Amino acid sequence: MDELKEIIKNYVINEYLEPDSEPIDYDTPLISGGIVDSFSMVSLKRFLENKYNIQIPDEKATPEAFDSVNKIAQLVREFIKV
Amino acid sequence: MAFSDSVRQLYQEQLKALREAGIFKEERFIHSPQAADIEVEFPAGSSLKKVINMCANNYLGLSSHPEVIKAAHEGLETHGFGMSSVRFICGTQDIHKKLEEKMTEFLGTEDTILFPSCMDANAGVFEAILTKDDVIISDRLVHASLIDGIRLCSAMHDTYKHSDMEHLEQKLQMYQDKRLRLVVTDGVFSMDGDTAKLDKMVELCEKYNAMLLVDDSHATGFIGKTGRGTHEKYGVMGKIDIITTTFGKALGGATGGCVSGRAELVEMCRQKARPYLFSNTIAPVIIAGILRVLEILSATTERRDKLERNTEYWRKGLMEAGFILKEGDTPIVPIMLFNAKLSQDFSKALYDEGIYAIGFFFPVVPQGQARIRTQISAAHEIHHLDKALEAFTKVGKKFDILHRSKQEIIEMYGL
Chain A
1359 MDELKEIIKN YVINEYLEPD SEPIDYDTPL ISGGIVDSFS MVSLKRFLEN
1409 KYNIQIPDEK ATPEAFDSVN KIAQLVREFI KV
Chain B
337 MAFSDSVRQL YQEQLKALRE AGIFKEERFI HSPQAADIEV EFPAGSSLKK
387 VINMCANNYL GLSSHPEVIK AAHEGLETHG FGMSSVRFIC GTQDIHKKLE
437 EKMTEFLGTE DTILFPSCMD ANAGVFEAIL TKDDVIISDR LVHASLIDGI
487 RLCSAMHDTY KHSDMEHLEQ KLQMYQDKRL RLVVTDGVFS MDGDTAKLDK
537 MVELCEKYNA MLLVDDSHAT GFIGKTGRGT HEKYGVMGKI DIITTTFGKA
587 LGGATGGCVS GRAELVEMCR QKARPYLFSN TIAPVIIAGI LRVLEILSAT
637 TERRDKLERN TEYWRKGLME AGFILKEGDT PIVPIMLFNA KLSQDFSKAL
687 YDEGIYAIGF FFPVVPQGQA RIRTQISAAH EIHHLDKALE AFTKVGKKFD
737 ILHRSKQEII EMYGL
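Going down the list, the protein sequences come from chains A and B.
Here the first sequence is numbered in this note's numbering, starting from 1359 and rising by one per residue.
Here the second sequence is numbered in this note's numbering, starting from 337 and rising by one per residue.
Hints are computed from structural coordinates only; laboratory data are not their basis.
All values derive from a computational prediction rather than experimental measurement.
Straight line, CA to CA, 27 Å or less: simulated DSS-like cross-link-like pairs of lysine-lysine: (1) 514(B) <-> 1418(A); (2) 662(B) <-> 361(B); (3) 497(B) <-> 1363(A); (4) 1409(A) <-> 497(B).
Only some residues are given here: those of chain A computed to face chain B with a beta carbon under 8 Å: (5) 1392; (6) 1397; (7) 1398; (8) 1400; (9) 1401; (10) 1404.
By construction, the Cβ of each residue, glycine as well, lies at the ideal position given by its N, Cα and C atoms.
Given the sequences, and given the hints that come with them, work out the whole structure.
Here it is in structure tokens:
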């Protein structure tokens, strides 16, 4: 299991979904699918920045880049120092 | 670029897509003044039909009140038709200042500034008082005009789950590093009819050093013991930093809005809010009418008391008939149907029975939460509500949804 993806997925579930929401997977379109509005992604960005001690520039934090757990994980990996 | 055939075709396709998606909006033409009984031309070109209006924001029944009309006539004579100027050049009359003072007094705030609409008030307020060093934390169900205003502002924006005070507290903790924090909510949420927990919100804002903005458009004039709004209902008058509200609903229902609150914040709007700076304010004739509305409301609570009684009667009648309602105690009473098409078919069937009530569905409300939203007025008499209840019950039986659970309705009609 990919720990980063699970962390992101759990955050999305707790932060944005209602108890009776449909389950999501790593590829579920979050913003374009109407599950999360693009405004609300700010808190996820901040959460990831704090947790991994990174800075994601605003120009990289596009609705497209935040549209699924897989895409978000890919973006975060660009900034995590190996 | 000219409006070429290909450009025209592009727009025609977009409009066609709206029709096909079932979200193309059509106006219904009303040939009478706004009231409980209205005459409607719908569809366009058809003969007039007398119907009971169950979907106006005319909460206090003042939209066509004889005294308000008389005051507007007098205002037209004494102050003219238009100002042909924005406020700070030569567009401010004595009555504009008078209305600002009266609203400050009515809402129990420090100062007030008028805007052409509450949409404009919400569009202008954030940019005028916040910068990129600040954060706005808003309820996820706030009105579209607040969202638009927030988008025009450089401050960071985050949201909290609808009316979830624990979640709001987490967000307030998360943004303690910001220069300023502004929490934003509707007083009464326009689609669900529930109210923001302003007592708790004030507590949290004080604890975490945040300002609080409340859009009280669906509350001013009738919520609270003397109709001052949700801040009166929750016992926090004087503790809301910014109230935005409208004159386009309970307070005569014409046009106009305002920002009312801390003196410095209002002054910042006067200096920097673009819809105030670059647009004419409310026309004198309307100001004169609103001033009369405030006199009527300050003299007696009779109208808001009647509205409260009507709302209780309506809710009780619908519950007994077997409908599923959104819980609440405001005059916004949503009847839950869940399925989008059912909400439209139900609305049409009601219209055939002489009842004008609109069905709402995604994206106006969340997916799977389609509904008929009814709005009660002090202009309704018991005979209006009885006739409407009879029609709702008849249509409810026709669609076989009475005394059924949410699950049963979804099984019958889908989501």
